[in-house]
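So the protein lines, in turn, are chains R and C. For what it's worth, this note's numbering labels the leading residue of the first sequence as 287, then goes sequentially. For what it's worth, this note's numbering labels the leading residue of the second sequence as 536, then goes sequentially.
By construction, these hints were calculated from the structure, which means they are not laboratory data. Note that beta-carbon positions come from the ideal geometry of N, C-alpha and C, so glycine has one too. Hints are supplied without guarantee of correctness; some may be wrong.
[Claimed, not checked] The calculated DSS-like cross-link candidates involving lysine-lysine, where the alpha carbons are at most 30 Å apart (straight line), are:
#	chain 1	residue 1	chain 2	residue 2
1	C	K701	R	K392
2	R	K392	C	K618
3	R	K339	C	K701
4	R	K533	R	K514
5	R	K631	C	K618
6	C	K724	R	K421
7	C	K662	R	K391
8	R	K350	R	K501
9	C	K724	R	K399
10	R	K388	C	K618
[To be verified] In silico negatives: residues of chain R with every beta carbon more than 10 Å from chain C:
#	residue
11	G324
12	E344
13	S356
14	F375
15	S377
16	K391
17	G394
18	N442
19	H563
20	L653
21	K657
22	H676
23	P680
24	E720
25	R725
[Unchecked claim] A few chain C positions that, by computed beta-carbon distances, are all more than 12 Å from chain R:
#	residue
26	I542
27	I658
28	I663
29	S669
30	Y686
31	G705
32	A717
33	A783
34	F787
35	S804
36	A809
37	F822
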Amino acid sequence: MFLELKNITKTFGKTVANDNISFGLNKGEILALIGENGAGKSTISKILYGLNKPDSGEIFLDGKKLKIHSVLDAIDHGIGMVQQHFMLFESYTVAENIVYGKEPKKNGFFDRKRAAEIVRELGDEYGLHIDPDLKVEDCSVGMRQRIEILKVLYQNADIIIFDEPTAVLVPQEIEELLKTIKDLAKRGKSIIIITHKLQEVMDVADRTVVLRQGKFVGERLISETDIKELSYLMVGRGIPPREVEKKEPGKLVLDVEDLRYKHEGVSILNGLSINVHEGEIVGIAGVSGNGQTELIQCLTGLLKPDSGKVELCGEDISGKSVREIRDLGCAHIPEDRYEFGCARKADLEETSIMGYEHLPEFSSKGLLNEKHNQEFALNLLDKYSVKYDHMGEPAGALSGGNIQKLIVAREIEHNSKFLIAAEPTRGVDIGAQEFIHDRLMDKRNRGDGVLLISSELSEVMSLSDRIYVIYDGQIRGEFTRAEADTNKVGFLMMGGQNGQD
Amino acid sequence: MNMLAVILNSTIRSTTPILLAALGSAICSQVGVFNIALEGQILIGCFVSIVANYFTGNVYLAVLCGMLGGAAVASIVAILQVKYKAADMVIGTSVNLLTSGLTSVLLSTIFGVRGSFSSPELISLPKIKLPVISEIPVVSRLFEQLTFIDYLSYIIAILMFVYLYKTVSGFHTQSVGKNIEAADSLGIKTLRTQIIAVLVSGALCGLGGSVLSMGQVTLFTEDMSAGRGYMAMASASMGQAHPLFVIASSLFFGICQSAGVLLQNYVPSQLTQAIPYAATVIALSIFGWRAIRKKNA
Numbered sequence: 287m288f289l290e291l292k293n294i295t296k297t298f299g300k301t302v303a304n305d306n307i308s309f310g311l312n313k314g315e316i317l318a319l320i321g322e323n324g325a326g327k328s329t330i331s332k333i334l335y336g337l338n339k340p341d342s343g344e345i346f347l348d349g350k351k352l353k354i355h356s357v358l359d360a361i362d363h364g365i366g367m368v369q370q371h372f373m374l375f376e377s378y379t380v381a382e383n384i385v386y387g388k389e390p391k392k393n394g395f396f397d398r399k400r401a402a403e404i405v406r407e408l409g410d411e412y413g414l415h416i417d418p419d420l421k422v423e424d425c426s427v428g429m430r431q432r433i434e435i436l437k438v439l440y441q442n443a444d445i446i447i448f449d450e451p452t453a454v455l456v457p458q459e460i461e462e463l464l465k466t467i468k469d470l471a472k473r474g475k476s477i478i479i480i481t482h483k484l485q486e487v488m489d490v491a492d493r494t495v496v497l498r499q500g501k502f503v504g505e506r507l508i509s510e511t512d513i514k515e516l517s518y519l520m521v522g523r524g525i526p527p528r529e530v531e532k533k534e535p536g537k538l539v540l541d542v543e544d545l546r547y548k549h550e551g552v553s554i555l556n557g558l559s560i561n562v563h564e565g566e567i568v569g570i571a572g573v574s575g576n577g578q579t580e581l582i583q584c585l586t587g588l589l590k591p592d593s594g595k596v597e598l599c600g601e602d603i604s605g606k607s608v609r610e611i612r613d614l615g616c617a618h619i620p621e622d623r624y625e626f627g628c629a630r631k632a633d634l635e636e637t638s639i640m641g642y643e644h645l646p647e648f649s650s651k652g653l654l655n656e657k658h659n660q661e662f663a664l665n666l667l668d669k670y671s672v673k674y675d676h677m678g679e680p681a682g683a684l685s686g687g688n689i690q691k692l693i694v695a696r697e698i699e700h701n702s703k704f705l706i707a708a709e710p711t712r713g714v715d716i717g718a719q720e721f722i723h724d725r726l727m728d729k730r731n732r733g734d735g736v737l738l739i740s741s742e743l744s745e746v747m748s749l750s751d752r753i754y755v756i757y758d759g760q761i762r763g764e765f766t767r768a769e770a771d772t773n774k775v776g777f778l779m780m781g782g783q784n785g786q787d
Numbered sequence: 536m537n538m539l540a541v542i543l544n545s546t547i548r549s550t551t552p553i554l555l556a557a558l559g560s561a562i563c564s565q566v567g568v569f570n571i572a573l574e575g576q577i578l579i580g581c582f583v584s585i586v587a588n589y590f591t592g593n594v595y596l597a598v599l600c601g602m603l604g605g606a607a608v609a610s611i612v613a614i615l616q617v618k619y620k621a622a623d624m625v626i627g628t629s630v631n632l633l634t635s636g637l638t639s640v641l642l643s644t645i646f647g648v649r650g651s652f653s654s655p656e657l658i659s660l661p662k663i664k665l666p667v668i669s670e671i672p673v674v675s676r677l678f679e680q681l682t683f684i685d686y687l688s689y690i691i692a693i694l695m696f697v698y699l700y701k702t703v704s705g706f707h708t709q710s711v712g713k714n715i716e717a718a719d720s721l722g723i724k725t726l727r728t729q730i731i732a733v734l735v736s737g738a739l740c741g742l743g744g745s746v747l748s749m750g751q752v753t754l755f756t757e758d759m760s761a762g763r764g765y766m767a768m769a770s771a772s773m774g775q776a777h778p779l780f781v782i783a784s785s786l787f788f789g790i791c792q793s794a795g796v797l798l799q800n801y802v803p804s805q806l807t808q809a810i811p812y813a814a815t816v817i818a819l820s821i822f823g824w825r826a827i828r829k830k831n832a
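Only chain R is shown next, with the shape it has when bound in the complex (with noise of 0.2 Å):
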């Protein structure tokens, strides 16, 4: 073994995240470290990387003890980390970022021009090409993983950890990445990649460790494993595949044609349509930030669009309030829980009824009905299965996991017709987003209209029985749920024409 951890274990408070994990890595290895959200990876990375301190355990690189204290410890050792969020200066340039921590001098200045060349002959040598000297503002989110991942090799790291590498790319951006990981492997580095997508770990890992709530339970040779028994070390429980019961749609619940809307003299979006019909989940795939939070905000009455037709149920919702839209029938889960989903400092009785307060239901004369609420809070949180303390606990207190189960509860429990469901299941764990989609199945299979906006595109492909791809604010494309495949919709997602348009 290369590296290797021993008996690692890291408490927060009284949450064990790492309990005694021991694990190695080969030379030239790309071990696959993978886990639902909380089982650990994130901690023990973060303690690889000298971001976190272990409370107890050792580490050993090439059977001498490492004291990494900091990252720049981690650094000294050869150890690397292309973290999730990705720690850019968005106005330096490329080349200033890759330097950072060991730039060129000159005279005891810094020189940048210098630092170009490096990063030009670096990008040369590992085929990462990167325009030096363009700000990191100006650069696409492939392009800033690229620039991370140049830094940890200018840093001259052997080990390098990705953290979530692929959460943020769309799949033709994810088959360069895993490309350049194995080629990195290759040429000797060993590589940790963290995530719970399966097939990457199977495209990509020569083996794999498996966490579960902050414990190690196994690791398997990829030649001698399938995505089943990883799924099901993974969760402790095997996940049937979904079988989506078949439903005709019924009458048209949300109407869009043409719809447009400019932010300060920049089209956002540029005569939108799409449809969402009775008992049908309609998935619009794209890369964030192609429209879909304006679609969002259009719908849910919260910006007012310049021009289109909006129409719910049959009637016209343009120029209606947020409350008028919401009375109509239309449910939100909202792409932001803490933004818009909920209020940090509210307790748990309030968030659950957040939004419908007004309704007889939950109040008369102005006057809250305290008794029903509590019922019906107490109601959801256990329908839902949401981990709290006690019902006076602020919602900013529940993990995002169990904030996100809450607010999709009462949006999905308040039987409406129509339901937006924007990034459902972001940063929930496997067991959670699971429930989450069965719910989401549930109310289609209702009768109700579901319109399902989310950046995993996986998530949209299983779930939807139409999708649309939406590229700078259009529609560029619709697919029945036969007609999609990955390449197809990707194609899409990434600007590219269809034939036809």
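Guided by the hints, dock chain C onto chain R, whose structure is given.
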């Protein structure tokens, strides 16, 4: 011609304290600290300089004490606002009110006077006579009555520019303001960088205070900083916290001040005194509006 030289000379003299404080504000915003306590830092510089001047009789020692005084007040900001993350508005405003009250109280306890203190024993900053230039008729008026601090302030600005934009250490310092998390993750001691920047701003404001109370005049008046700390914030923001641009924006505020003084002979002084402040509001509005447009473009 002569008149113009006089105006320019008065502009240079009124620019100095604003420029020094604006550089202090700029270094703070470069590391992502919103320091509102500049006003208090200047005022304490004015006061401590006069006290030190009176008791030691050494004007250079007085300048040094003024800078230390500024840094001392800045340390309150450094500890409460930077280290313990208290709200910037609250800390800044409290520090400004505190120094205003403190200097008034100390004025009466140390010197036994109210309102203002002046004494023949106080030594003013020596005026520099440039060797060749002072022989040229009109140009000499331009550089009249300037102290070493007036010249020093421009040198500081240039040095600060070289440091921030040409050295590796300055590159790291700037990065703290751009993305503190990233800087942290790359092993920069971000807290220390921010604290040092705030202390430097204190020293620069203190230096500005010294030239205010010992340059043109040699006295201390209650609240004699008269909003220069806020003008400096406006100036730093106009100059986008870039030391060389800050020279230009500070000169603009200097012009407004000297214009205010000049016009006093023709227009009621209450009105002319408002000129620099009105300029602050207008400049900030225009600048803010342009920044918003740029952001949305």
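Taking the hints in turn, this is what the structure says about them:
1. Proposed proximity of K701 of chain C and K392 of chain R is supported: the alpha carbons are some 10 Å apart, at most 30 Å.
2. Straight-line distance between C-alpha atoms of K392 of chain R and K618 of chain C comes to about 35 Å, which puts the hinted pair past the 30 Å bound.
3. Restraint check for K339 of chain R and K701 of chain C: the C-alpha separation of about 35 Å exceeds 30 Å, so the hint is violated.
4. Simply put, K533 of chain R and K514 of chain R have alpha-carbon atoms about 28 Å apart, close enough for the 30 Å limit, and the pair holds.
5. A threshold of 30 Å between alpha carbons decides the hint, and for K631 of chain R with K618 of chain C the separation of about 25 Å falls inside it, so the pair holds.
6. Between K724 of chain C and K421 of chain R, the direct Cα distance comes to roughly 24 Å. Compliance with the 30 Å bound is thereby established for this hinted pair.
7. The hinted pair formed by K662 of chain C and K391 of chain R fails the criterion: a straight-line CA distance of about 41 Å is larger than 30 Å.
8. Straight-line distance between C-alpha atoms of K350 of chain R and K501 of chain R comes to about 25 Å, which keeps the hinted pair within the 30 Å bound.
9. At roughly 26 Å between alpha-carbon atoms, K724 of chain C and K399 of chain R fall within 30 Å of each other, so this suggested pair holds.
10. A hinted pair counts as satisfied when its Cα atoms are at most 30 Å apart, and K388 of chain R with K618 of chain C qualifies at roughly 27 Å.
11. Here G324 of chain R stays apart from chain C, with its beta-carbon at least about 22 Å from theirs, past the 10 Å limit.
12. E344 of chain R, annotated as away from the interface, keeps every beta carbon of chain C farther than 10 Å; the closest lies near 23 Å.
13. The Cβ of S356 of chain R does not lie farther than 10 Å from every Cβ of chain C; its closest approach is about 6 Å, which violates its non-interface assignment.
14. Not every C-beta of chain C lies more than 10 Å from that of F375 of chain R, the closest at about 5 Å, which undercuts listing it as non-interface.
15. Listed as outside the interface, S377 of chain R is inconsistent with that label: its C-beta sits roughly 6 Å from the nearest C-beta of chain C, within the 10 Å cut-off.
16. Taking the minimum C-beta to C-beta distance to chain C, about 6 Å, the non-interface status of K391 of chain R is violated against the 10 Å cut.
17. Listed as a non-interface residue, G394 of chain R fails to keep its Cβ farther than 10 Å from every Cβ of chain C; the least gap is roughly 7 Å.
18. No Cβ of chain C approaches the Cβ of N442 of chain R within 10 Å, the least distance being about 15 Å, so the stated non-interface status holds.
19. In this structure H563 of chain R is separated from chain C by more than 10 Å, as the shortest Cβ-Cβ distance comes to about 37 Å.
20. The non-interface label for L653 of chain R is consistent with chain C: the shortest C-beta to C-beta separation is roughly 35 Å, beyond 10 Å.
21. The non-interface label for K657 of chain R is consistent with chain C: the shortest C-beta to C-beta separation is roughly 39 Å, beyond 10 Å.
22. Interface exclusion of H676 of chain R from chain C stands, the closest Cβ pair being 28 Å apart, more than 10 Å.
23. Remark: the non-interface label on P680 of chain R is consistent with the geometry, its nearest Cβ contact in chain C lying 20 Å away (cut-off 10 Å).
24. Even its closest Cβ contact with chain C, about 33 Å, leaves E720 of chain R beyond 10 Å, as expected for a residue assigned away from the interface.
25. Against chain C, the non-interface label of R725 of chain R holds: every CB pair exceeds 10 Å, the least being about 35 Å.
26. Taking the minimum C-beta to C-beta distance to chain R, about 38 Å, the non-interface status of I542 of chain C holds against the 12 Å cut.
27. For I658 of chain C, the condition that its CB be more than 12 Å from all CB atoms of chain R holds, with the nearest at approximately 39 Å.
28. Separation of I663 of chain C from chain R is adequate, the least Cβ-Cβ distance of about 31 Å exceeding the 12 Å criterion.
29. The Cβ of S669 of chain C sits about 36 Å from the closest Cβ of chain R, beyond the 12 Å cut-off, so the non-interface label holds.
30. Every beta carbon of chain R lies more than 12 Å from that of Y686 of chain C, the smallest distance being close to 25 Å; the non-interface claim holds.
31. The beta carbon of G705 of chain C sits about 8 Å from the closest Cβ of chain R, which is not more than 12 Å, so the claim that it is off the interface is violated.
32. For A717 of chain C, the requirement that its beta carbon stay farther than 12 Å from each beta carbon of chain R is not met, with the minimum near 4 Å.
33. No Cβ of chain R comes within 12 Å of the Cβ of A783 of chain C; the nearest lies about 21 Å off, and the non-interface call holds.
34. At roughly 25 Å from the closest C-beta of chain R, the C-beta of F787 of chain C stays outside 12 Å, upholding its exclusion from the interface.
35. Residue placement check: S804 of chain C keeps its beta carbon more than 12 Å from all beta carbons of chain R (closest about 43 Å).
36. Listed as outside the interface, A809 of chain C is consistent with that label: its C-beta sits roughly 34 Å from the nearest C-beta of chain R, beyond the 12 Å cut-off.
37. The non-interface label for F822 of chain C is consistent with chain R: the shortest C-beta to C-beta separation is roughly 18 Å, beyond 12 Å.
Hint check: violations occur at hints 2, 3, 7, 13, 14, 15, 16, 17, 31, 32; the rest are consistent with the structure.
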